[in-house]
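For reference, the chains in residue letters:
Protein chains: 2
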Amino acid sequence: MLYKNNLENMLFEKGLSKTVKKGTILQREGDTQLKSFAVTKGLLRSYIIDAKGKEHIFMFAPEDWIVGDLYGKALKQPTRLFIDALEDSEILEINPEVEITNELALKGLEKAIRRAAMLQNRVLMLMSATAWERYQYFIEIYPDLYNRVPQKMIASYLGITPQALSRIRGEWARSKK
Amino acid sequence: MLYKNNLENMLFEKGLSKTVKKGTILQREGDTQLKSFAVTKGLLRSYIIDAKGKEHIFMFAPEDWIVGDLYGKALKQPTRLFIDALEDSEILEINPEVEITNELALKGLEKAIRRAAMLQNRVLMLMSATAWERYQYFIEIYPDLYNRVPQKMIASYLGITPQALSRIRGEWARSKK
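Order-wise, the sequence lines are chains C and L. The end of the first sequence is residue 177 by my numbering, with every number in the run present. The end of the second sequence is residue 177 by my numbering, with every number in the run present.
With the rest of the complex left out, here is chain C (with noise of 0.2 Å):
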């Protein structure tokens, strides 16, 4: 069991435990009973389509990551995030009825605190920071994805142009020697 601390014991004991193959839809854009992922072997990721249908990558969950809509589930409102599986995984579904102990109260706020911490760096990100930066920023965030995770889908989690990350990544790759 990889969820060690108490208030992941918590939120997923009585969870629902999957195998999902790759490429498995597990939420859509519409959705209004919002789910909550943790991944314990495998890699998902949420992701929004835009007015144009251009894809744009919110999230990847690796081992050890929860996905799911904070905004939707914050707001009472139908989703806007997709959620797939970008390798077979294996997933705990999140007990939406569990109680929230003071305990958990404890640890979750940390949790949040953190997750919104992340969120603002990525904001920043987003407002000012250079490909090369964005890059940095990817491999800090998610030191294991760069080899896992087609180009196309890292572009568009940073928001640059598949051509600028594949400079980055020649430039990258030769300041490493």
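Honestly, the hints are just simulated from the structure, not real lab data. Remember, predicted model here, so these are calculated numbers, not experimental data. Every residue, glycine too, gets a C-beta built ideally from N, C-alpha and C. Warning: the hint list may mix true and false statements.
Unchecked claim - Non-contacting residues of chain C with respect to chain L, defined by C-beta distances greater than 12 Å in every case (computed): (1) Thr19; (2) Lys35; (3) Ile48; (4) Ser175.
Claimed, not checked - Pairwise CB distance ranges, derived in the manner of DEER restraints: (5) L:Lys176 x C:Gln33: 34 to 42 Å; (6) C:Lys21 x L:Ile49: 43 to 51 Å; (7) C:Glu140 x L:Ala173: 41 to 49 Å; (8) L:Arg148 x C:Ala51: 26 to 34 Å; (9) L:Glu93 x C:Pro150: 25 to 33 Å; (10) L:Ala173 x C:Asn147: 44 to 52 Å; (11) L:Arg169 x C:Ile25: 33 to 41 Å; (12) C:Glu110 x L:Ile49: 26 to 34 Å; (13) C:Glu110 x L:Gly23: 34 to 42 Å.
For chain C, the structure is supplied; the task is to place chain L on it using the hints.
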């Protein structure tokens, strides 16, 4: 006293009440003693300055908002955020010594999840929204700010050019007639 609920009462009791003049800088990039401020009257903002010297506005904080650097706090790093006063303001500085009780944790959890939800929405906006949608987003989040803040600052917050904002505001005004 604006802060009626227990969370704010407890966070701000023994907090430092201040009156600050328009233009006062309350926090600078590189500061290590990170501060959070609640606005009781007036208007603060937080922003970064990028490597080229360009400002990017992370947040406006009018009455009832709290502004601070969650990332610096969560990761115990010096801040990247400047915080200054856009109007003469009355503010409360959060007491960093406050003990997180169970009750505080529960209320804080709600607030932290909501902040993360808003930031999720901002990330998706910065990745995919048209200038029109961005302006709509601004009006929703800050319904009474559009005449209190210089246009170029609204454009900076939304990640569009002042020219695009000016065009959108014209269309917006006509659409509301």
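> So which hints don't hold here, by number, going up?
Replying inline: As far as the earlier hints go, 3 and 9 are violated by this structure, in ascending order.
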